Every structure is written in C-alpha cells, then in structure tokens.
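Trainee: Here's the letter readout for the chains.
Protein chains: 2
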Amino acid sequence: MTEAFDAVEVIRRKRDGERLAPEQIDWVIDAYTRGVVAEEQMSALAMAVFLNGMERGEIARWTRAMIASGERLDFSPILGPGGKVATADKHSTGGVGDKITLPLAPLVAVYGVAVPQLSGRGLGHTGGTLDKLESIPGWRAELSHAEVLEMLGGIGAVICAAGAGLAPADKKLYALRDVTATVESIPLIASSIMSKKIAEGTDSLVLDVKVGSGAFMKDEERARELARVMVELGEEAGVRTSALLTEMSVPLGASVGNAIEVEESVEVLAGGGPGDVVELTVALAREMLAASGIGEDPAEALADGRAMDVYRRMIRAQGGNPDAALPTARESHQVLAPSDGVLSRLDALAVGTASWRLGAGRARKEDAVQAGAGVRLHAKPGDRVARGQPLMTLLTDTPERFPRAVEALEEGFTVTEGDSADVERRLILDRLSAE
Amino acid sequence: MTEAFDAVEVIRRKRDGERLAPEQIDWVIDAYTRGVVAEEQMSALAMAVFLNGMERGEIARWTRAMIASGERLDFSPILGPGGKVATADKHSTGGVGDKITLPLAPLVAVYGVAVPQLSGRGLGHTGGTLDKLESIPGWRAELSHAEVLEMLGGIGAVICAAGAGLAPADKKLYALRDVTATVESIPLIASSIMSKKIAEGTDSLVLDVKVGSGAFMKDEERARELARVMVELGEEAGVRTSALLTEMSVPLGASVGNAIEVEESVEVLAGGGPGDVVELTVALAREMLAASGIGEDPAEALADGRAMDVYRRMIRAQGGNPDAALPTARESHQVLAPSDGVLSRLDALAVGTASWRLGAGRARKEDAVQAGAGVRLHAKPGDRVARGQPLMTLLTDTPERFPRAVEALEEGFTVTEGDSADVERRLILDRLSAE
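Protein sequence lines, in the order shown, are assigned to chains A and B. If you use numbering that gives the first Met the number 0, the first sequence corresponds to residues 0 to 434, in order. If you use numbering that gives the first Met the number 0, the second sequence corresponds to residues 0 to 434, in order.
Excised from the complex, chain A in its bound form (with noise of 0.2 Å):
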C-alpha cells in the first residue's frame, strides 16, 4: 500500500512550529494504528506537539483521528422504566484519594440518569478506580458490551473496565507518552480524555479537572486552559460537556488506597463520610443533572439511603458482595505530630506519592496492587494536632516497604503555631461550559 503522507515530513512541520494538515493528522493516528508510523517517529512527534503546541482545530481533527481508530459505543437502545434514558459521565483527571466516581454513579442513576463509567486502573501516584472496586470480594471489571447496557437499562449506573476496541491508537499513544517525558501536554491530554469520552457514547459530559500538587497540572492557569480545551471539544462532537475545577493540592477525604477508599465511598453513600468527598459528590452529581435537564438536590438520595441501594445492586451485579468484609494490611504504622500546633499543610503529591510505595499503586502496568494498603488520615489542614499524636496510619502488607514511604512524607506536612482560621481551602475553584 502506497502511504500518503511520510513520517518524517509530518514529524519536521511540528518541530518546525507548522500547523500539521488535517490529513497529515487523519494519515499519522491511522499509520500510527497500523504500525506504519514506528513508535520512536510517534514519540519524536509527540515531544514536537509538547513543546510546540497544537491549535484548537489540530487538536479537535487529532481527536476525531483517534476516534476512528477504533469503535463507537452506541448507548441510544438504552431504555428504563419510563421509556429512553439519557446518558452522563464524568472523568477526572486524576487525583489522590479521588474515590468520587464510586458515590457518584449510583447517586445519579437515582434520578433516571443513565451513568456508564468505563474506567481505568492507577498508574503512579493516583489510582485508579477499578483498583479500588477490586478489593471487593467477587466484584469483577470486564463486563461485555451487552452486560453494559443491561446494567444500564436495569441499575442506571455501571463501573467497568474500558473495552480494547475504544480509541486504541489512544491506548498506545498513552503508553507511548508515559516513558518518553512527554505526558503534561494540554493537547494530547486533552485528545486522549476526550477520544475515549465521545467514542463512549455519552450524551453529556462533566468534567473534574484537577489542580494542585495531586495533580498532573499544578498551576490553576494551565488546568483552565486544558478545562477549556476539553469542553470545546466535548460540544464540537454533540457532548454535552462542563467542567469544575478542582482544588488537588491536599489529599480527597481521609484515606487513599484501595479497600480503605471503598469504605470511606460507602460512609459517604450511608450520608456520612468526610465533608470535601460529599460537596464534590454533590457538586458532580449537580452538574450531571442539569445536563440532562434535572433541578432536583443530590444531597436527598445521599441522605435518604437511595443512592446506596443503587450502589448495593451495582456491585452484586457486577459478582460482589457488598456485605463482605473488605481485605486489610497486615501491617501498620503511625506518623506522628512532630509538636503542638496546627496542620498547615498535606501535600497530596506526598501522600499519592507514599500510598503508591505502600502497595497501593503500580509503577508498571503488570504489577498487581495491595488491596489493603494506603494511608488513612487522621488530621486535615486546619486541624489542631498535639505533638506525639498520630497524624496517619500508613498500611501495607510488606513492612519493607514503610521506610520509603516515610521519606516521601518527610516533606510532606507541616505543623505550625497559630491559627487553625489561617488555613482556608476553596474546593471547588470554578466551572466552565460552552455558554
């Protein structure tokens, strides 16, 4: 087969600071798929488009070229009890203790939302949220196409793993990124996110774009301008989309692992739980809602039980038992206060950072993860600690690993004299739509 376009020319028009042709992107993606495009000529092109940038329509046309790389789910024959439902899902990007998606499916499915959330597992420092689903004895991702929409069309709300066929010049591009430096770039972040989303099918769209040291973007300027990308792109291809922006410098709740964030979700869905994972619950929930034409106050299902009997049916659906105790560390470790004083600071970074080395994350794709591991805090920012009591818990199930993730700690909170009033946190710190 004679190609269209040469790998080389289509590398050396973004190096140059060119805008790439829309049939060089529509050739490189499809090549790229093929295997034709090799990866050392996709990673060079993908460090030009990080440091050269790409303009909204090279990022829309890049986006419908990974897109069609691969299939399109179709969730229209989705039907409840009261005929055709509409359908909403929401993606973060990626923060530590980030349990959100579990409280929000079912509390959504409620009010006759359709909520399909095909999720990933954790690489790094965040985790992911099938990681976490998997401490659930019995509970499994990989559900068929057909199983999707009856969960769909029965529960409302599913959480499952992302079948192959979606985006797959996404998945290797993403792989591609993670080893050659080349991941924090608004263009491809916002491609790969936004590929997956719309060949999902959605009919809206809320985005948790999140900033912070917890973050892949640290500085609220950039987080707003990839927000901004991703809610163009979401209503250019017919997605309903909306974006908050999130504050993710301090951890989410007050545990981040696996088992240990299921159990915070379930606190959360029994209308309790930490007061931050509620309003950001409530506020996605909100979101998702008035996308779909819905007025109505989440916060009621939180409280009345609702939103945890759909939770209830999701798991056992899905093979879990939601009765079941949930696996723990065999191990523990306390962090304690260092002197009397305020929590000024927690560094999310620090904590995903010592999660991660606990046995709570991966740092291949291959390597398994620790159910039971994590950190469970037990003070805040702005919480008034006194020196020797335990600020953390650190859990893994081989102790080894403890001395690792202290040093990743050792920066990562600060006790001072003074005020608990001083410590302020805006949570939520804006919200973007096409209007």
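Possibly wrong hints are sitting among the right ones.
What follows is a set of in silico ranges between Cβ atoms, one per label pair, in the way DEER data are often shown [claimed, not checked]:
#1 8(A) with 235(B): 34 to 40 Å
#2 21(A) with 298(B): 27 to 33 Å
#3 398(A) with 67(B): 38 to 44 Å
#4 34(B) with 75(A): 48 to 54 Å
#5 18(B) with 52(A): 22 to 28 Å
#6 75(A) with 15(B): 43 to 49 Å
#7 235(B) with 386(A): 56 to 62 Å
#8 18(B) with 75(A): 53 to 59 Å
#9 174(B) with 323(A): 55 to 61 Å
Over the 12 Å line for every Cβ pair with chain A, so calculated as not near, a few chain B residues [what the hints assert, rightly or not]:
#10 29
#11 144
#12 145
#13 231
#14 234
#15 273
#16 296
#17 312
#18 330
#19 365
#20 378
#21 389
#22 413
Please keep in mind that the hints were generated in silico from the structure rather than gathered at the bench. As the structure is a computational prediction, the values presented were derived from the model and not from experiment. C-beta: ideal position from N, C-alpha, C; glycine also.
Assemble the complex: chain A is given as a structure, and chain B must be docked to it using the hints.
Mentor: Chain B in isolation, oriented as in the chain A frame:
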C-alpha cells in the same frame, strides 16, 4: 543491574530547557548503547535537544560519551620512510558533486602526511565516497585495521569503510535521527561527526562545512556556528582542527554520480578538471599540510603527477584496477536550454535529487546504487547558453526513472537575459580555527 538514572527524568530535564548533568549524559548514551534506553526514548530526547539545544559543555560531554561507547583507533605506530608520520584527516558535511576526498587524500600523502579517510556510504541526495570508489572494478572498501596501518605507512593514504567499532552509539543515533526528523541540529551533527573523528585518533582535522541549498545547513550563520562548535570539540580533544566554510548552492564540478565523479577526480589528478574542484582540493590540502607544519604549495603535486601516482597505488592496494574502464549508464536523456541567455542559477539540491532519483543514491541503507547513474553538467552558472543546447545529461540504467529526475530539475535552474558577469560565485566563504 540497577541503573544510575531514569530515562524519563533525563528526557524531562531537556524537555524543560534545563542543562543535562554530565553524569546524566554519560548514562543516557551508555544505556542507549546497551539497549536500556529504548529507541522511542532516545528519539524524544533527540527532539528535545533539537528544539531546546545544548550548551557547549553538554555537547562536549555528549561527544565524549559517544566516543567512550566504542573503540578508539591508534595511528601512532605509523612509520614512513623518514620515521614517525603525522596524520591528517578531512571531513565534509556533505554536498552535491563533492568528490574532493578522492584527489585530496593522495595529494596530501605526497608531502609525507598520512591521510586516513574512514568514509561512509551516501543516504539521500548527497553521495557517499565509498559508493563512488566502488564503481572502480575490483576495489573493496572493507579493510582490517592492520591493512589500514600498512597502507598509511607504505602509501600514505587510505580511503576505506569506517569499522563498526567506532562510536556505536553514534551509529544507532544517526539511523534514528534519520527517521525522526532530528537530523539538522547543530549539537547532534557536531557530536556525531566529531565523536567518530576523535575516536579515529588523527593528529589534525580539516572540516569542510558546506552552506547552501545542497547542504544540511542552508544558512551561513548556522553553518558558521556548526563549524565553531566542531573546531572547539576537536581542539578540546587534542586534535588540531580548522574549518573552511564552502559554498554548496551549486554542485561541485561537472559530474554528479558515482563512476562519473571518479572520472572527474582522475582528471583533477591529471592536472585538469573543473576549476572549483581543483580550487577546493588545493585549499583543503593546504590546510592539512599547514596543520602538520608543512608550508609547500600542493598545487604542484597535482600538476606534476605525483598525486596521481599515489592515487593509483592506493586504488591498486585495495584490489581496484585504475586502468579499467568504468561502468557507464545504458540510457541517457538531455535537458536542453529553454532560451538563449546566461545560466544564472543551477540548484545543488535539485541536481542532487535528480541524481539520487536516477539511481546514483539510495533511499534506504540497504538499497544498492547504480555505478553509472548521475548527471553530467554541460554548463555552470555564468555560462552563456543557446536555446536547445544541452544543459545536462541524465544517466541511468533504468529509463523509467527519467520523468521523476526531470521533475526534480524543473525549478532547479534559470536561464536569464543579461550578462554573465552578473553571476558570481565565491567558493570559500570563510575559515575558522582555534586561534
């Protein structure tokens, strides 16, 4: 084995515009040679170097690391009739019709300086010295180190293939840059050339840095910068180094190809040949002699046949028959002047590309070249031409190649009204040395 660094960290550092630490450079080149740093990682790093540059100190360290990846040659045991002999080498950055090595090496040897020309094959529109010499029946490019030493001691000059042991990191990286659009980077070009030349162990080196359409460097300022960096790298490594900046917008001489360039070289060795080829040969010879402390005028040894004698001995020692008829192309096609006037422009890149397409060059490393293919130039810029007069003869064994060669030449020359005096060519633009 535990690795001292992480490839992603090294790439990220250069991506972010920072200076690489000396130990990082040593590690990344060594780990790439060992296959621990993958091709796609090195290509991302090469693109980051391309776009963010390297400082002088980084380039010097990178060069040293590439030298350390392989063996170093030692020409110190070379004894001529008068005792220990100085060695002088020449390197050209590559041009169209550049056959200078063929007359130059024997010419310099006449004066008692040993000339080891470890050369390569051509890729793309610039020809390779070995490809040219291989058109001589019987001549072989591959010699053992002992044979090289014997020729240098006995004849004083050798042109042969560089062994695989010299700077293997450069060999891998060079092939990678070719397919990832990371060729035209001053730090990467300078370190590539100088690592091989320094590993070769010559006492002195003269660089012929080409400028213009037919060269890597289209622009004089960038060519000057490349020359400056290479002179510094050579001097720092104890090799007396100078550079001539020479014009490469017009092909050198009247022949571009393989056998026809050997033919033209023999004309120069016989005291004739095109003026520009003679001028550059003599200028480079003068540099090489001066670096060895010899002030004689090399033009004499071209005129009196002494250089020809050395050339014939050199060819014979490698199995070649200097009296054998050279291969000729089976088919020819003439390009005619479209009007009366002066040939005011003859573009080196266009002629080089035409010659390549006729079969004189290769698109892939593994391709064979046609010995007889190429372009004979019947007029050079400044010459008066009459409408219908042949400007060039295209030569190939495979006439289906003519249309694409003619196409390459379509915008490649201009015949204008006016005076031939308006067309001026300065061949040697500048000289750079450590002083």
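Trainee: Evaluate each hint against the coordinates.
Mentor: Now the hints, each set against the structure:
At roughly 37 Å, the beta-carbon separation of residue 8(A) and residue 235(B) lies within the given 34 to 40 Å, and the hint holds. At roughly 59 Å, the beta-carbon separation of residue 21(A) and residue 298(B) lies outside the given 27 to 33 Å, and the hint is violated. The supplied range of 38 to 44 Å is met by residue 398(A) and residue 67(B), whose beta-carbon atoms lie about 42 Å from each other. The hinted range of 48 to 54 Å is satisfied by residue 34(B) and residue 75(A), whose Cβ atoms lie roughly 49 Å apart.
Checked against the hint of 22 to 28 Å, the pair residue 18(B) and residue 52(A) passes, with Cβ atoms roughly 23 Å apart. Between residue 75(A) and residue 15(B) the beta carbons are some 45 Å apart, a value that agrees with the proposed interval 43 to 49 Å. Evaluation of the 56 to 62 Å hint for residue 235(B) and residue 386(A) yields a pass: the beta carbon distance comes to about 58 Å. Distance hint check: the CB atoms of residue 18(B) and residue 75(A) are about 55 Å apart, consistent with the given range 53 to 59 Å.
Take residue 174(B) and residue 323(A): their Cβ atoms lie about 56 Å apart, and the range 55 to 61 Å holds. Look at residue 29(B): its CB is around 18 Å from the nearest CB on chain A, clear of 12 Å, so calling it non-interface holds up. Every CB of chain A is more than 12 Å from the CB of residue 144(B) (nearest about 33 Å), matching its label as outside the interface. The beta carbon of residue 145(B) sits about 37 Å from the closest Cβ of chain A, which is more than 12 Å, so the claim that it is off the interface holds.
At roughly 26 Å from the closest C-beta of chain A, the C-beta of residue 231(B) stays outside 12 Å, upholding its exclusion from the interface. For residue 234(B), the shortest C-beta to C-beta distance to chain A comes to about 31 Å, beyond the 12 Å cut-off, and the non-interface label holds. Even its closest Cβ contact with chain A, about 34 Å, leaves residue 273(B) beyond 12 Å, as expected for a residue assigned away from the interface. Every CB of chain A lies more than 12 Å from the CB of residue 296(B), the least distance being 45 Å, so the non-interface label holds.
Every CB of chain A is more than 12 Å from the CB of residue 312(B) (nearest about 42 Å), matching its label as outside the interface. Every CB of chain A is more than 12 Å from the CB of residue 330(B) (nearest about 26 Å), matching its label as outside the interface. The claim that residue 365(B) is not at the interface with chain A holds, since no C-beta of that chain comes within 12 Å of its own (minimum 16 Å). Every CB of chain A is more than 12 Å from the CB of residue 378(B) (nearest about 33 Å), matching its label as outside the interface.
With 12 Å as the threshold on Cβ separation, the claim that residue 389(B) sits away from chain A holds: the shortest Cβ distance comes to roughly 33 Å. The non-interface label for residue 413(B) is consistent with chain A: the shortest C-beta to C-beta separation is roughly 26 Å, beyond 12 Å.
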